[in-house]
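Enquirer: Protein chains in written order, with my numbering: chain G, 1 to 259; chain H, 1 to 180.
Source of the hints: derived by calculation from the structure; they are not laboratory data. Predicted model, so just to flag it, every value in this text is computed and none were measured. Where is the CB? At the ideal position from N, CA and C, for every residue including glycine. Among these hints, one or two may not hold up.
Unchecked claim - Keeping only pairs whose Cα atoms sit at most 30 Å apart, straight-line, the calculated DSBU-like set for lysine-lysine is:
id, chain 1, residue 1, chain 2, residue 2
1, H, K65, G, K63
2, G, K44, H, K2
3, G, K47, H, K62
Stated by the list, open to error - Listed below are several chain G residues computed to face chain H (Cβ distance under 10 Å; list not exhaustive):
id, residue
4, M12
5, K47
6, T230
7, E232
8, P235
9, R238
10, E240
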Amino acid sequence: MIDQKIIALINMELDAQTTPAQNDQLRRHFVANPEARAYADDLKRLKGMLDRVEQVEPPVSLKAGILNSIRTSARPVPPQPGFLEFILSRISSPALPRYGFAVASGICLGVLLFAALTGGIDTGATDNQISGSMGTAVSPARTVTDYGSFEGASMKASVQVVTSGVELVVEAEVQAAEVCEIDLIFPAEAYTVTGIRRQGGSLESVNAQAGSVSTVLAGSGRVRLELERTGEKAPEIRLELHRGGHILWDKALRASPGE
Amino acid sequence: MKSLADNTLVTLTLNGELRAFEELVERYEKVLYNTVLKIVQDADDAHDITQAGFVKAYENLKSYKPQHKFFSWLYRIVINESLNALRSRKETEEIDSALMASVKDPAEVYEDTEREQYIDKALQMLTPENRAVVVLRHFQDLSYKEIAHILDVPEKTVKSRLFTARQLLKDRLLKLGYSQ
Chain G
1 MIDQKIIALI NMELDAQTTP AQNDQLRRHF VANPEARAYA DDLKRLKGML DRVEQVEPPV
61 SLKAGILNSI RTSARPVPPQ PGFLEFILSR ISSPALPRYG FAVASGICLG VLLFAALTGG
121 IDTGATDNQI SGSMGTAVSP ARTVTDYGSF EGASMKASVQ VVTSGVELVV EAEVQAAEVC
181 EIDLIFPAEA YTVTGIRRQG GSLESVNAQA GSVSTVLAGS GRVRLELERT GEKAPEIRLE
241 LHRGGHILWD KALRASPGE
Chain H
1 MKSLADNTLV TLTLNGELRA FEELVERYEK VLYNTVLKIV QDADDAHDIT QAGFVKAYEN
61 LKSYKPQHKF FSWLYRIVIN ESLNALRSRK ETEEIDSALM ASVKDPAEVY EDTEREQYID
121 KALQMLTPEN RAVVVLRHFQ DLSYKEIAHI LDVPEKTVKS RLFTARQLLK DRLLKLGYSQ
């Protein structure tokens, strides 16, 4: 007869879930109880058998069947929380920053209210801005490290880089009637891609590889590339804007105010 | 696409990029198909259930919460599909009795049957819930915590099912004549 607690320990040892003290307890128990040792040996053999089972290749028709089915099924729509819902969700989240977010939201709402009462807000932005300045503080945590714009060949484009700790966002906007390609090239060892988002326009294709993301966009739209810095250094990121096989704009973007 | 994280591919899919979901299919079809196959023990059923699971995941992608692992979420859908399919079969007892009738001579079975067939037969004798835990732990190498999340049960339930299932498997394999 083997005690249920010992059976549980034997199983946990099999799954590498026991502490050194529990392992010692088992070893001592085995000396006094050969039945328990035999049970443990049986389970080890069983585990060995199960672990040797090899995976089979799925039938080739599986992937095709899945893709055919989803082409005819309802396309999923991303959740679109409203402004108020977004604010409330942040405030009600359990994380510490909720207080800061609540205060910031209050300030923003106050500014908007003040602007509404005094005749509107002038952002000061101009359409012809073509050069950037480094180290513009957006908030204590987020910094615009570079930006620039391009106008010509019947199109307009702009780009900005915003960093926040190890996170980095490159946002490129294009106003064009034709299809163009936005390439973002970066040292693969320095950055990991954590997200790619598109707003507006029609996304023709995305080709992401280690060290580059190439997006083909039809019409006016915005592409947002989210990266995470993996090391201490934040090397430059290169933006290339192509159309019809020609490079229209080539810009090296600084990813750190100090670089 | 191959270098992108699961969550990025989900975002791209939600933005209408079908190629992103295709990458997720390529990434997980093998592991999920094998998991389902071990649970349902039928290649055609495994094909249909895996396919249905992926389609369901696609259609409900907007309900996926990025704070969880996409793989665990997908696993949960496919495992639930498998368990529902097994429950609807309602023939566990019939399989058991038919199986036992076919193994009257363990030595003969030992000569004719591969080791994996023994395991498959022994797995068939477990309840769907116990079988799922064994498959996830031993064939997919998932932790107690991951299994608990996928099956939506407490960790102690996972342990209890796993320990019981091992005991039953050990006994059944001996009964089937497999002693190594």
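Enquirer: Indicate, hint by hint, whether the structure satisfies it.
Expert: Status of each hint after checking the structure:
{"no.": "1", "hint": "H:K65 / G:K63", "result": "holds (25 Å)"}
{"no.": "2", "hint": "G:K44 / H:K2", "result": "violated (37 Å)"}
{"no.": "3", "hint": "G:K47 / H:K62", "result": "violated (39 Å)"}
{"no.": "4", "hint": "M12", "result": "holds (8 Å)"}
{"no.": "5", "hint": "K47", "result": "holds (7 Å)"}
{"no.": "6", "hint": "T230", "result": "violated (13 Å)"}
{"no.": "7", "hint": "E232", "result": "violated (22 Å)"}
{"no.": "8", "hint": "P235", "result": "violated (18 Å)"}
{"no.": "9", "hint": "R238", "result": "violated (18 Å)"}
{"no.": "10", "hint": "E240", "result": "violated (19 Å)"}
Checked against the numbered hints given earlier, the structure breaks hints 2, 3, 6, 7, 8, 9 and 10 and satisfies all the rest.
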